[in-house]
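J.: Each chain is listed here by its residues.
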Amino acid sequence: MTKLDSKIPEGPIAQKWEHHKSSINVVSPANKRLIDVIVVGSGLAGASAAASLAEMGYNVKNFCFQDSPRRAHSIAAQGGINAAKNYQNDGDSVYRLFYDTVKGGDYRAREANVYRLAEVSANIIDQCVAQGVPFAREYGGLLDNRSFGGVLVSRTFYAKGQTGQQLLLGAYSAMSRQINKGKIKMYNRHEMLDLVLVDGKARGIIARNLVTGEIERHGAHAVVLASGGYGNVFFLSTNAMGSNVTAAWRAHRRGAFFANPCFTQIHPTCMPRSGDYQSKLTLMSESLRNDGRIWVPKEEEDAQAIREGRLKPTDLPEEKRDYYLERRYPAFGNLVPRDVASRAAKERCDAGYGVNKTGEAVYLDFSSAIMRYGREQATVQKLDNPTDDQIRALGEKVVASKYGNLFEMYEKINAENPYKTPMMIYPAVHYTMGGLWVDYNLMTTIPGCFAAGEANFSDHGANRLGASALMQGLADGYFVLPYTIGDFLSHDIRTGPISTDSPEFEQAEKDVRQHLESLLNNKGSKSVDYFHKRLGKVMWDKVGMSRNEQGLKEALDEIRQIREEFYKDVFVPGSLDELNPELEKASRVADFLELGELFAKDALERTESCGGHFREESQTEEGEALRDDENFTFVSAWEWTGDPRESKLHKEELVFNDIELKQRSYK
Amino acid sequence: MKLTLKIWRQKNATAQGKMETYQVSDISEHMSFLEMMDVLNEQLIAEGKEPVAFDHDCREGICGSCSMYINGQPHGPRQATTTCQLHMREFNDGDTIYIEPWRAKAFPVMKDLVVDRSAFDRIIQSGGYVSVNTSGNTLDANAIPIPKEDADEAFNAATCIGCGACVAACKNASAMLFVSAKVSQLSLLPQGQVERKERVLNMVDQMDKEGFGNCTNTGACSVECPKEISLENIARMNRDYLAASVTK
Ligand SMILES: Cc1cc2nc3c(=O)[nH]c(=O)nc-3n(C[C@H](O)[C@H](O)[C@H](O)COP(=O)(O)OP(=O)(O)OC[C@H]3O[C@@H](n4cnc5c(N)ncnc54)[C@H](O)[C@@H]3O)c2cc1C
Ligand code: SF4
Ligand code: FES
Chain G
13 MTKLDSKIPE GPIAQKWEHH KSSINVVSPA NKRLIDVIVV GSGLAGASAA
63 ASLAEMGYNV KNFCFQDSPR RAHSIAAQGG INAAKNYQND GDSVYRLFYD
113 TVKGGDYRAR EANVYRLAEV SANIIDQCVA QGVPFAREYG GLLDNRSFGG
163 VLVSRTFYAK GQTGQQLLLG AYSAMSRQIN KGKIKMYNRH EMLDLVLVDG
213 KARGIIARNL VTGEIERHGA HAVVLASGGY GNVFFLSTNA MGSNVTAAWR
263 AHRRGAFFAN PCFTQIHPTC MPRSGDYQSK LTLMSESLRN DGRIWVPKEE
313 EDAQAIREGR LKPTDLPEEK RDYYLERRYP AFGNLVPRDV ASRAAKERCD
363 AGYGVNKTGE AVYLDFSSAI MRYGREQATV QKLDNPTDDQ IRALGEKVVA
413 SKYGNLFEMY EKINAENPYK TPMMIYPAVH YTMGGLWVDY NLMTTIPGCF
463 AAGEANFSDH GANRLGASAL MQGLADGYFV LPYTIGDFLS HDIRTGPIST
513 DSPEFEQAEK DVRQHLESLL NNKGSKSVDY FHKRLGKVMW DKVGMSRNEQ
563 GLKEALDEIR QIREEFYKDV FVPGSLDELN PELEKASRVA DFLELGELFA
613 KDALERTESC GGHFREESQT EEGEALRDDE NFTFVSAWEW TGDPRESKLH
663 KEELVFNDIE LKQRSYK
Chain W
30 MKLTLKIWRQ KNATAQGKME TYQVSDISEH MSFLEMMDVL NEQLIAEGKE
80 PVAFDHDCRE GICGSCSMYI NGQPHGPRQA TTTCQLHMRE FNDGDTIYIE
130 PWRAKAFPVM KDLVVDRSAF DRIIQSGGYV SVNTSGNTLD ANAIPIPKED
180 ADEAFNAATC IGCGACVAAC KNASAMLFVS AKVSQLSLLP QGQVERKERV
230 LNMVDQMDKE GFGNCTNTGA CSVECPKEIS LENIARMNRD YLAASVTK
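First to last, the protein sequences are chains G and W.
Numbering-wise (my numbering), the first sequence opens with residue 13 and increments by one.
Numbering-wise (my numbering), the second sequence opens with residue 30 and increments by one.
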């Protein structure tokens, strides 16, 4: 059995990374040319890793299922990226970012990894600016910052509401440069469907060319999985339609442990669903909570009147509104972390104060901010006795400059003008903190198989703070993995090219082909989406924002039931040797149906509440998440045994030397 | 509402394609255009038929995957809106909607509404970057202040999503708007100056090799661009190109 060795370096926390970098094995530049690395994924983590590895001299093959690496899901990130630059001189530091992240994650992350993340964060911004990423700037020409939830400093760098796009295009351009030089070979419209192990090491993948349908073998000395998160197990989420767990799950089935699968982030500010045909949910960036105030009516009858269209929110006087986050959490107010804000919204809606037809929505209101900015502008422009309308117009301009594209997006979807009437929002599945277990080198429990970005479990514990995923993806890809992978690859300088003619490749290819053929030959009666939606509903109702023992046990059985029906009754049209989007979906949903069960099992076994994982049995008197440090200060790492429910639990005990474990408080 | 859909069906890159007619009903005005397509596809699957293939991923107007030519307009009737953000409230009960793929020599159809846009990637590979290694040994991010106006203008150019609607809109299938957006972004920033000349020459050269047409300044590209990328970028690129050509 594999032993969980997190390989945390010795020494004081502030010196671990420097020390580690200078003491691990490295591969000389001449030898790097002899080594091939496969990177699956072209999001922030994959693109930055591929570019950096190629620059260092390795031969890289990169895979993505979209038609261009620039379209990876990271492109959709809106609000910003954190870095401990302390440009605002508000007392930020590496330690503070480290502390905020560990606390934000409700003390379920590995200290050493988080410290390293905070340490390299400042470099990311330097790197991106050098690449020509057009971050927002102040009038003096210096970089601007904003605040995100769960912190008291302003350390978030942004490019309007398109930060992910700008960062990804930066990484994509670095990759493009290496493709041009022939150091990266790019495989667009390719999907990894299995990991190949030779002598216990990851030595390649099986991928399907999504255009021709051909099933291909690709060998390499190491495989990096940067394939993103698995939020789409809920069917509805803010993730892109194609985001999936397949790459990570196939690696899991080959021996990589899956850590904390139940740690999921439900984001408080998303557009509420409007009907059964809904295919995805749209995020409204957390940055909006800098200026938006969240409320519901104080009186139930007002909420009812609003739901029935008899009352407009703008007509409800101040004293009849309940700014419940400001009321419950005076210190952080609207900027409490996401898990706290989401549960608070659910609590109000469950209690009958929800404001749209479905009763599942709260208001995010910009009117105070518009007037405040308007007054500031009026003063700057030296207007005498400006009217309210003048002030509002000035304020709307300021708000537009900060969030314009988000407001437009809202209007396109909802046909309502959020400058004039408050936005309606509701929590939605957004991010998965869980993922493949990795050690300090980002290596999974399979030697030679690495995981980076959202695909690994590493840095966010039980709840991720806003603007920290982009930071982690780029930290992993630009600054961590390119070094740590050398420790493994240094043993491969004499290995020579990996042949794909071995029995291992042959068998893996056969397995993949058989699985796809069985889906195509099934000739059932129901579409893939039919099963995916059913899975999503069970996940949301019983394994969602609030979980309890009975519900989780039911979920375990129901998911298994859906999986069995899927294999009996799914209908996948078309054939193997053509572009076949339904086949792609079917193979992804098959993996979600297994993951879902492990997810529910993990949630069942962790009887404490922590971060985004809320067990109703474990809460404080005020309804806050109550951790059980004595029994659960560990990472759950699951080993595949052939049946998700029978997976074997391994524990990585978490040791906190530099931060004291405390009940999280944002009051 | 009830709609009649006329959709381009083509089995693969070499097959002949043709328009097919479909009916959908119970379409809500709150649905997005792609959700309407989902309804059609579920219907086709239920009838044991092959669904319509189309590219899509983010469904929020940022990845640039979706690419439908709707009633003679790339991304349909609403300005500054991608297909995935288009909502059915833009249409009326009983409408007939024509849905085709992007049409351009440099974007061959692969299946139904899916086209091959890898030419755009190759243009970026030819020079759409700043040649700086990701070593982290760069200047502090605030070492070079950049006037806010320049940063904002560079940002506006950089919001291009690489969808290709500009090419589809242009009667010459020119890629000038796309290419000029990247050239402009980097020309406007101090970081882009060192390679400024080489970049524009290489990217234009690659654009021509890919078989995109010439620009005759009709401006349809910018009108149809979902991100409202401005024609000024083309003018800026032309100036850069001229300057680079004479000093070459
Ligand atoms: C709407 C939205 C807004 C967000 N905003 C922010 C924000 O403001 N700040 C922040 O810090 N975080 C934000 N996040 C989170 C953040 O965007 C993601 O966590 C992060 O971008 C993930 O990056 P990644 O590189 O790990 O994976 P992804 O960007 O998801 O990339 C995955 C890649 O893997 C490829 N892939 C997957 N499976 C396979 C396979 N089997 N074969 C081949 N290729 C495969 C895909 O093609 C893709 O290239 C946001 C997330 C969402 C959904
Ligand atoms: S310039 Fe506009 S239309 Fe052309 S690719 Fe970019 S976003 Fe699309
Ligand atoms: S699906 Fe991403 S832009 Fe339309």
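Careful: at least some of the hints might be erroneous.
Unchecked claim - EDC-like mimics (lysine to aspartate or glutamate), calculated; alpha carbons at most 20 Å apart, straight line: (1) G:K414 x W:E119; (2) G:K414 x W:D179; (3) G:K424 x W:E119; (4) G:K424 x W:E58; (5) G:K663 x G:E226; (6) G:K522 x G:E150; (7) G:K545 x G:E521; (8) W:K177 x G:E150.
As the list claims (entries may be wrong) - Which chain G residues stay away from chain W? Per the calculated CB distances, all over 12 Å, these: (9) S80; (10) K172; (11) Q174; (12) R339; (13) Q573; (14) L673.
No lab work stands behind these hints: they were computed from the structure.
Beta carbons are placed, not taken as given, at the ideal position from N, Cα and C, and that holds for glycine.
J.: Are the hints correct? Go through all of them and say.
T.: Comparing the hints with the structure gives:
1. G:K414 x W:E119: It is violated: about 28 Å lies between the C-alpha atoms, which goes past 20 Å.
2. G:K414 x W:D179: 17 Å, holds
3. G:K424 x W:E119: Since the Cα atoms of K424 (chain G) and E119 (chain W) sit roughly 11 Å apart, the hinted pair holds (cutoff 20 Å).
4. G:K424 x W:E58: Holds, at about 12 Å.
5. G:K663 x G:E226: 40 Å, violated
6. G:K522 x G:E150: Not OK: K522 (chain G) and E150 (chain G) at ~58 Å, beyond 20 Å, violated.
7. G:K545 x G:E521: Cα-Cα ~30 Å, so violated.
8. W:K177 x G:E150: 6 Å, holds
9. S80: Per Cβ check, S80 (chain G) is inside 12 Å of chain W; nearest 5 Å; violated.
10. K172: 7 Å, violated
11. Q174: Label violated. Min Cβ-Cβ 6 Å, cutoff 12 Å.
12. R339: R339 (chain G) is indeed farther than 12 Å from all Cβ atoms of chain W, at 32 Å.
13. Q573: 22 Å, holds
14. L673: Non-interface label on L673 (chain G) holds, nearest chain W Cβ at 33 Å vs cutoff 12 Å.
Hints 1, 5, 6, 7, 9, 10, 11 from the list above are not met by this structure, while the remaining hints are.
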